[in-house]
Amino acid sequence: MAEQAYEDRFAPGERVGVLPLGALDRLLDYKAPKDGCAPGAFVEVPLGPRQIVGIVWGPGTGEVPEARLRPVSRILDAPPLRAPMREFLGRAADYTLTPLPAMVRLATRAPGLTEGQAMRHVYRLGPREAGRMTDARARALAVLRDHPEMSFTLGELANMAGVGTAVIKGLVTQGAVVETEAPRDQPYPVLDLDAHGVSLTPDQMLAAAALRIGAEARSYNTTLLKGVTGSGKTEVYLEAVAETLRQGRQALVLLPEIALTGAFLARVEKRFGAPAAEWHSGMTQTERRRLWRMAATGGASLVVGARSALFLPFRDLGLVVVDEEHDTSYKQEDGVLYNARDMAVLRASIEKSQVILASATPCLESWHNAEIGKYARLTLPARVGLAVLPTIKAVDMRLEDIARGNWVSPTLANAVAARLERQEQSLLFLNRRGYAPVTLCRSCGHQLGCPHCDARLVEHRFMRRLMCHQCGETQPMPIACPDCGAEGKLAPVGPGVERLGEEVAALFPTARTAVLSSDLYGSAKSLKDAIEQIADGAADIVIGTQLVAKGHNFPNLTLAGVIDADLGLYGSDLRAAERTFALMRQVSGRAGRAEAPGEAMLQTYQPHHPVIQAILRDDDEGFWRAEAEARRMAGMPPFSRLAGIILSSEDAQEVMDKAVEMSRHIEPLRRIGAEVWGPAPAPIARVRGRHRVRLLVKADRAAPLQDALARWAAQFRFPSDLRLTIDIDPQSFM
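Reading the sequence shown from the start, the letters are residues 0 to 733 in numbering that gives the first Met the number 0.
Hints are supplied without guarantee of correctness; some may be wrong.
Here are the simulated lysine-lysine pairs, DSSO-like style, with alpha carbons at most 30 Å apart [as the list claims (entries may be wrong)]: (1) Lys-527 <-> Lys-269; (2) Lys-697 <-> Lys-373; (3) Lys-351 <-> Lys-373; (4) Lys-330 <-> Lys-697; (5) Lys-527 <-> Lys-488; (6) Lys-527 <-> Lys-330; (7) Lys-351 <-> Lys-330.
Derived CB-CB ranges, DEER-like [unchecked claim]: (8) Arg-25 <-> Arg-217: 45 to 51 Å; (9) Glu-43 <-> Asp-656: 40 to 46 Å; (10) Leu-723 <-> Arg-266: 32 to 38 Å; (11) Asp-193 <-> Lys-373: 30 to 36 Å; (12) Val-63 <-> Asn-158: 36 to 42 Å; (13) Pro-11 <-> Arg-108: 27 to 33 Å.
Hints are computed from structural coordinates only; laboratory data are not their basis.
We put the CB at the ideal spot given by N, CA and C, even for glycine.
Can you make the complete structure from the sequences, with help from the hints?
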């Protein structure tokens, strides 16, 4: 049912508040048009001499005298934003301290949104007989007679009949085929909810039954679905999807990477007999417009997408699944700063929907919420079918006789060779893109750095360029040192996946090797194709970054080798141990997902480190309990709240002076018991030519942190070239 049936319309001439879809951060008052308007309607209104687009957000503010009110010019042909959606955007803006128009822009990023429904020419059977029948004409008419309820585009009908388009146009001239206009944005195929999925194990059946009950309740609830890698979490939550759709509601599945969607969409189509709708940055503008409208009108029942899909204007959202919920990709780190996992819970609470957080290695916040009963918890302890969890062992690099400049230990190399003999696949994981993380001059010691950032340029030998992973700056690989001018003295230091690929090719010259790294593929489709080919056996050895750890299923892969298990264990990031633990577990979980047993080998110089030991002991719960206790003792999330304050300017002294001023006037924060740490230069102190200074605010879990931060920031005037960013619940401290 359309939302305007639930909300009272504004009567003609009634004062309404319109939120402009632009830079203005406030409602503007207008008169409703002669036929009235619905809350949430997209409208065109006058602003000075211009006409601008806005949304009827609610009653007017009363700031403009009645005599000066101007009427809404016209209502646009776009589905209105429903009340729950407007509430979600408003509360998300308040939580993240984001201006409301900026948050609303996340929900209105479909092209042609306000231009009305696009039309196209379609063809169906006409009332007359064809004057002269030919074999081509007979085939075209036969297709139309076989599908009397369907309309076809010119290309569709010509392709199905195996004829040229001129044949169809000739039939139109004779009246045997009728050409009409129809909306271009058509609903997505109806999913077959009665189609049988795979047979579920007893553990899966119990979990699926609990999630179906959650869908039937039609009320807010959040469940942490924790299952070991390969335990069939996807099939379990697809049962919840089916039940949600039976209830006449819509479902959204969020995935952390576009590269995951290919295999997942194939599973959805196999389960429901038709494809789901997709939403991610790789979509065409036409597809984005279609899905936005179909989500709003109910023409898309199941959407699979990246984090931004959470801002689609669903007509009746009944389920949100956040797959691989621990993944850091769910945190938007530029523009509007938000965590899609947290925003999914917020939206579901407003929509009276179910949330499923699925992961083999949930984030500590989700694990803690399940421990204290805030979230329900379902556990899948074993892999499905004949597959068993891989054995995991540490390779103590202190004992390995490894040549200088090499990174694959003899122990790991022997394990790879054994897999090659058995025609099984191996995975070598290194969480470093490019060829080498540092390039230095052996003559003067100069390290090649980004001209715009305090970051080293990373050599990408496949592209023959240097790249900054902070700002994207690229430049050709120089022949001479830019500092001392010496030629032939530039040398790579440390390994990246490309350099590891060279070493593997030298160790195993006859093996087929594939390097999986996001920067090596020009499009999402090419990356999907590469992953599918590897799953089909196109490579013997797969070398990859963290991209390979995100839910991929390579049936013939029986060995996962981690080149540097110590990378990420230390540093100022309070989540370093948690992230390393999750990454190692996820990488290990790629091995042995079919009948052949799997093995994971972690190369480490610290085999007795608590994180490494927890992985080796298969003691997930012990790790989380210990990590939670360490956070509690330190007063860190999830037992407190943090906010990152980042100031940036092209003037280093200006930005530091302003940060010092802010640190000296913290009365609004002191009143809620918050602590302020800093200021200090950010770990990467210059990005894109702007100097960055950070402060960190810590407050009690129940303290009104956002209100205090807003009052604190309002005390200061900022120069036009100085930017202030407030990051609520920061995930990165760079």
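Hint check:
1. A C-alpha spacing of about 18 Å is found between Lys-527 and Lys-269, which places the hinted pair at or below 30 Å, so the restraint holds.
2. About 23 Å separates the Cα atoms of Lys-697 and Lys-373, which keeps this hinted pair within 30 Å; it holds.
3. Between Lys-351 and Lys-373, the direct Cα distance comes to roughly 16 Å. Compliance with the 30 Å bound is thereby established for this hinted pair.
4. With a CA separation close to 19 Å, the supplied pair Lys-330 and Lys-697 stays within the 30 Å bound.
5. For the hint linking Lys-527 to Lys-488, the alpha-carbon distance of about 39 Å lies beyond 30 Å, and the restraint is violated.
6. Distance check on the hinted pair: Lys-527 and Lys-330 sit about 23 Å apart at the alpha-carbon level, within 30 Å; holds.
7. At most 30 Å may separate the alpha-carbon atoms for a hinted pair to count; Lys-351 and Lys-330 meet this at roughly 24 Å.
8. Taking the beta carbon of each, Arg-25 and Arg-217 are about 36 Å apart, not inside 45 to 51 Å as hinted.
9. Restraint check, Glu-43 to Asp-656: a C-beta distance of roughly 45 Å satisfies the suggested window 40 to 46 Å.
10. The hint said 32 to 38 Å for the Cβ distance between Leu-723 and Arg-266, and at roughly 44 Å that hint is violated.
11. In this structure, Asp-193 and Lys-373 meet the distance hint of 30 to 36 Å, their C-beta atoms being roughly 35 Å apart.
12. Checked against the hint of 36 to 42 Å, the pair Val-63 and Asn-158 fails, with Cβ atoms roughly 57 Å apart.
13. Range check, Pro-11 to Arg-108: Cβ separation about 32 Å, and the 27 to 33 Å hint holds.
In this structure, the earlier hints numbered 5, 8, 10, 12 are contradicted, and the remaining ones agree with it.
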